[in-house]
Amino acid sequence: MKDREEENQVNEELFDEEINQPSSKGVYRILSILLVIAIIFTFVLPPLFSSLSSLLAGGRLENHEAVELINYFEDNYLHQNVFETEYYQSKRAKLLEKNSISMLQFNLFVKDVARNAGDPYTYFSINPKPPTGGIVENRIIDLNNNYMRIYNFKENVSGILRDLLMDNNHRILIIDLRDNVGGNLLELLSIVDFFLPEGIEAFRLEGKGEIRSFITKEKSNSSFEKIFILLNEDSASASEIFALTMLLNMDNVRLIGKKTSGKAVAQLEHKNLDHNYTFSVVTYEWYVENQTAVDLQSYLLEYKDEKLYTLEDYLLIVKEIINTERK
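For the sequence shown, counting from 1, position 15 maps to 15 in full-length UniProt numbering; every step adds exactly one.
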């Protein structure tokens, strides 16, 4: 009897130990779930709610205004075949049954059409607040090296850059286009004009029965011995055009990066200040000497295994290239 009581006591103690023993897998699972929830509430939901609230509060489009926007869409969209489907015609007719359409309804209509065309770039949205930061950062690294970061190709960026470049006596120029998602192609052309010889087709756009060539009009003002262009996976559109046309038309340009966004299209933007919206429609594919964003990736293959996370990582490669070429 005493032996049985001792055995039961031992079993109870073992059972208690198993209950109190924390499961590392369970703890990690809970921590992972909490981390995901924190990320969602911090980074995903606020911009989503902000976008939705802006669209809901953005007023309504009268029927004739919606018709004008749809006509603009159909006249300029690169993927014309999407308009020929019964699905599109049905969605269009249903949307225009109403006397007025909310901004959110039109946003969802455009998003649905673009999704069916496999197009992630066309959008209709309430105009965001303009960024408050600068568009160009200029830094003198040393007597030989000048670093310039271009955050976007928005209005006035070419004038700022030209002023900086005209008074530049450095041998080496480092142009940082990391996280630059693009912008105005005329601003891009004005910058390219500074570097390339006169009469060069910097790039061209091909769209619905239309080809537009962008030709340089000035003699080259560049005296740099070497130009390095820094890229990452968020360098897109105008940044990719700039990198490719500089590389193909100059013999002293090096690209550094693992890959770029691969955005081989350009958009037309229709802005309405009264209703405070922007309708950005993919209209063209861009080419530089018959090459495009896909071809650009082939010039970056040598860096696919490199550690490129910070500016210092990129500058280290720049330094290595310069030192190697001096030997």
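A hint or two may mislead.
List of simulated lysine-lysine pairs, DSS-like, C-alpha gap at most 25 Å [claimed, not checked]:
no. : residue 1 : residue 2
1   : Lys304    : Lys226
2   : Lys271    : Lys91
3   : Lys259    : Lys319
Since the hints were derived computationally from the structure, they do not count as laboratory data.
| said: Against the 25 Å threshold, does the CA-CA distance of Lys271 and Lys91 hold or violate the hint? | reply: Cα-Cα ~24 Å, so holds.
| request: Take the C-alpha atoms of Lys304 and Lys226, compute the straight-line distance between them, and say whether it is at most 25 Å. | output: 22 Å, holds
| request: Take the C-alpha atoms of Lys259 and Lys319, compute the straight-line distance between them, and say whether it is at most 25 Å. | output: 20 Å, holds
Violated hints are absent here; each numbered hint is respected by the structure.
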